[in-house]
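Asker: Sequence:
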Amino acid sequence: MSKSDSSFVNGIKGEQLACQFFQNKGYKIIAQRYLCPFGEIDLVIKKGSKYTAIEVKYRKKFSQLHEAISKRKLQRIQQSFSFYLQEHKIISEDIAIDVLLIYPPQRIIHVQNCHLE
Numbered sequence: 007m008s009k010s011d012s013s014f015v016n017g018i019k020g021e022q023l024a025c026q027f028f029q030n031k032g033y034k035i036i037a038q039r040y041l042c043p044f045g046e047i048d049l050v051i052k053k054g055s056k057y058t059a060i061e062v063k064y065r066k067k068f069s070q071l072h073e074a075i076s077k078r079k080l081q082r083i084q085q086s087f088s089f090y091l092q093e094h095k096i097i098s099e100d101i102a103i104d105v106l107l108i109y110p111p112q113r114i115i116h117v118q119n120c121h122l123e
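If you read the sequence shown in the numbering used here, its first letter stands for residue 7, the second for the next number, and so on.
Just so you know, these hints were derived from the structure itself, not from any lab. Keep in mind that this is a model prediction, so the values were computed, not measured. There is no bait here: all hints are sound.
Calculated cross-link-like contacts (lysine-lysine; reagent style DSBU-like; alpha-carbon spacing at most 30 Å):
#, residue 1, residue 2
1, 77, 53
2, 31, 19
3, 34, 56
4, 79, 34
5, 31, 56
6, 53, 31
7, 34, 95
8, 79, 67
9, 77, 67
10, 77, 19
11, 31, 79
12, 77, 66
Model the full structure from these sequences, guided by the hints.
Answerer: Structure follows, in structure tokens:
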């Protein structure tokens, strides 16, 4: 299996674990692998009136958040999430972008309210 194939498989595995993680916490998964002209959002979830875009990072080794997601990637997620909200006519001030870091076998770190400074 090539490195890109392995990365794709790990990405799918990470997204499946993320779905379980959020569903167990009472969130509804409303989109997976949403693609638009600006990029991709791994998950869009909802709990109550809050909509959250989730970037899932599945890593074999522990790394800091800044190593797992670049400023450029965060910009693309913000643009994609804005596009998603407009496309689906969602008007809400209760929105967020979170990152879920997954390290096998069972370590999951949920970083909430990521934004550019």
